[in-house]
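**Q** Here is how the chains run, residue by residue.
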Amino acid sequence: MKFDVGLILSWIPAALAGLEITIAVWLAGGLCALALGFGVAAARRFGGALVDRALTLYVALIRDTPFLIQLFLLYYGGPFVGLELEPYQAGLIGLTVYGSAYFAEIIRAGFEAVPVGHQEAAICAGLTRAQMVRRILLPEMALLVLPPVVNMQILLLKETAVLSIVTVPELTMTLTSLGSEHFAFAEALSLLAGLYWVLVEVTGALGRFAERRLARLSFAA
Amino acid sequence: MTWRYVELLAIGAAVTAGVSIVAILLGLGLGVLVCSASLARSGAVRAAGRLYISFFRGSPLLVQLLMIYYLLPAAGINVPSLVAAVLGLALCTAAYQAENLRGGFLSVAPGLIEAAQMLGMAPWRILLRIRLPIALRLTLPAVLNEAIMILKASSLVSVVGVEELTRSAQNLATSTYRPIPIYAAAGAFYLILNRLLAGGGGVLRRMLG
Numbered sequence: 030m031k032f033d034v035g036l037i038l039s040w041i042p043a044a045l046a047g048l049e050i051t052i053a054v055w056l057a058g059g060l061c062a063l064a065l066g067f068g069v070a071a072a073r074r075f076g077g078a079l080v081d082r083a084l085t086l087y088v089a090l091i092r093d094t095p096f097l098i099q100l101f102l103l104y105y106g107g108p109f110v111g112l113e114l115e116p117y118q119a120g121l122i123g124l125t126v127y128g129s130a131y132f133a134e135i136i137r138a139g140f141e142a143v144p145v146g147h148q149e150a151a152i153c154a155g156l157t158r159a160q161m162v163r164r165i166l167l168p169e170m171a172l173l174v175l176p177p178v179v180n181m182q183i184l185l186l187k188e189t190a191v192l193s194i195v196t197v198p199e200l201t202m203t204l205t206s207l208g209s210e211h212f213a214f215a216e217a218l219s220l221l222a223g224l225y226w227v228l229v230e231v232t233g234a235l236g237r238f239a240e241r242r243l244a245r246l247s248f249a250a
Numbered sequence: 003m004t005w006r007y008v009e010l011l012a013i014g015a016a017v018t019a020g021v022s023i024v025a026i027l028l029g030l031g032l033g034v035l036v037c038s039a040s041l042a043r044s045g046a047v048r049a050a051g052r053l054y055i056s057f058f059r060g061s062p063l064l065v066q067l068l069m070i071y072y073l074l075p076a077a078g079i080n081v082p083s084l085v086a087a088v089l090g091l092a093l094c095t096a097a098y099q100a101e102n103l104r105g106g107f108l109s110v111a112p113g114l115i116e117a118a119q120m121l122g123m124a125p126w127r128i129l130l131r132i133r134l135p136i137a138l139r140l141t142l143p144a145v146l147n148e149a150i151m152i153l154k155a156s157s158l159v160s161v162v163g164v165e166e167l168t169r170s171a172q173n174l175a176t177s178t179y180r181p182i183p184i185y186a187a188a189g190a191f192y193l194i195l196n197r198l199l200a201g202g203g204g205v206l207r208r209m210l211g
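These protein sequence lines map, in sequence, to chains H and P.
The first sequence begins at 30 in the working numbering and counts up by one.
The second sequence begins at 3 in the working numbering and counts up by one.
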């Protein structure tokens, strides 16, 4: 089996363009998923029993079915209900919905892990309920959920590779088509795996850095 | 959505169940080895274990599946796509299971292992009879969670040409031109398989507990 390094070097501009789309769709989808997941968790906590039950079902349905099936339903099923989506639109919505269920569970656990004593102490000290939520509950929750949130964002980054199946021209699609064009799969797939690996390790390191900084901030305050 | 379609999807679901169960068990066994390596006394073995975990957790499963599917034949090893798929899933899940088991292995009381050594038990026997059952009991929720992730991730093996649930649904959706009921039904099958797996996990928990 030959391995052509020159070929890999010649692919770097195209790979970087694909990487840019991967990062863009990941950041947009990941942030929308986090926001929607926070909304779901907050609605479950503050929205009454009926909302809680409906959203519990939403979370269970999303978490118990594969991302690929959800994506197919959205991309191929969408046009039958008047939802004509471009591949990247389907990818973005799919990533948002899929991620939101996992983030909702992470944030729910975060809310539950904030000691009730802290919340009661804040009320006793004369804070209004809104102040308590803003100054005590949310900051403490944010600190607790940071590690699992970063972990989930890394999982979502890897899920973006699945978007190549519905023809989003991201990193995986770019390099696999170059690989089949030149019949050089070893080169294409090594570069592909290497780029994801670097991106995942860098993101993990950034997450650990943010954790340390935030922990220090919270103790200094 | 006629009965015939449900039947075809059920056959696909059976393949998905088979592929997943083999991959989960193989991955768990491999995960124990990788985990032991990542905790080994020898620096080189430890580095190899860590590298394995870092790579398989650091790249998408889809890319790993494509690597096995395309690179094994290029290296002169011809395997059916079903074998490549099971192997890919198992190699990937082993890295996650190794990370899951780590905490469990680290919290096995050293006294237990010393006692077993005093009794003259061989190292592999200590691993199988003492360290693994304790570690597994402590980390069972995470291990089961990963098993469910693999069941869902097995939908990706449709890309390397395995005729499982997702691939059957794709074929049916194209031929009938009715993607919504077909994919919804496929989703329902995955949901049922997940519930069964979670139920099996509950039985296992009571047995170990």
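No lab work stands behind these hints, which were simulated from the structure alone.
Be a bit skeptical, because a hint or two may be false.
[Said to hold, decoys possible] Okay, the calculated bits of chain H under chain P, using three or more residues with CB under 8 Å as the criterion:
| # | region |
| --- | --- |
| 1 | 54-61 |
| 2 | 80-94 |
| 3 | 141-154 |
| 4 | 178-191 |
Cβ coordinates follow ideal geometry from the N, Cα and C atoms, glycine included.
**Q** So, for every hint listed, does it hold in this structure?
**A** Verification of the supplied hints:
no.	hint	verdict
1	54-61	violated (count 0)
2	80-94	holds (count 3)
3	141-154	violated (count 0)
4	178-191	holds (count 5)
Of the numbered hints listed earlier, those contradicted by the structure are 1, 3.
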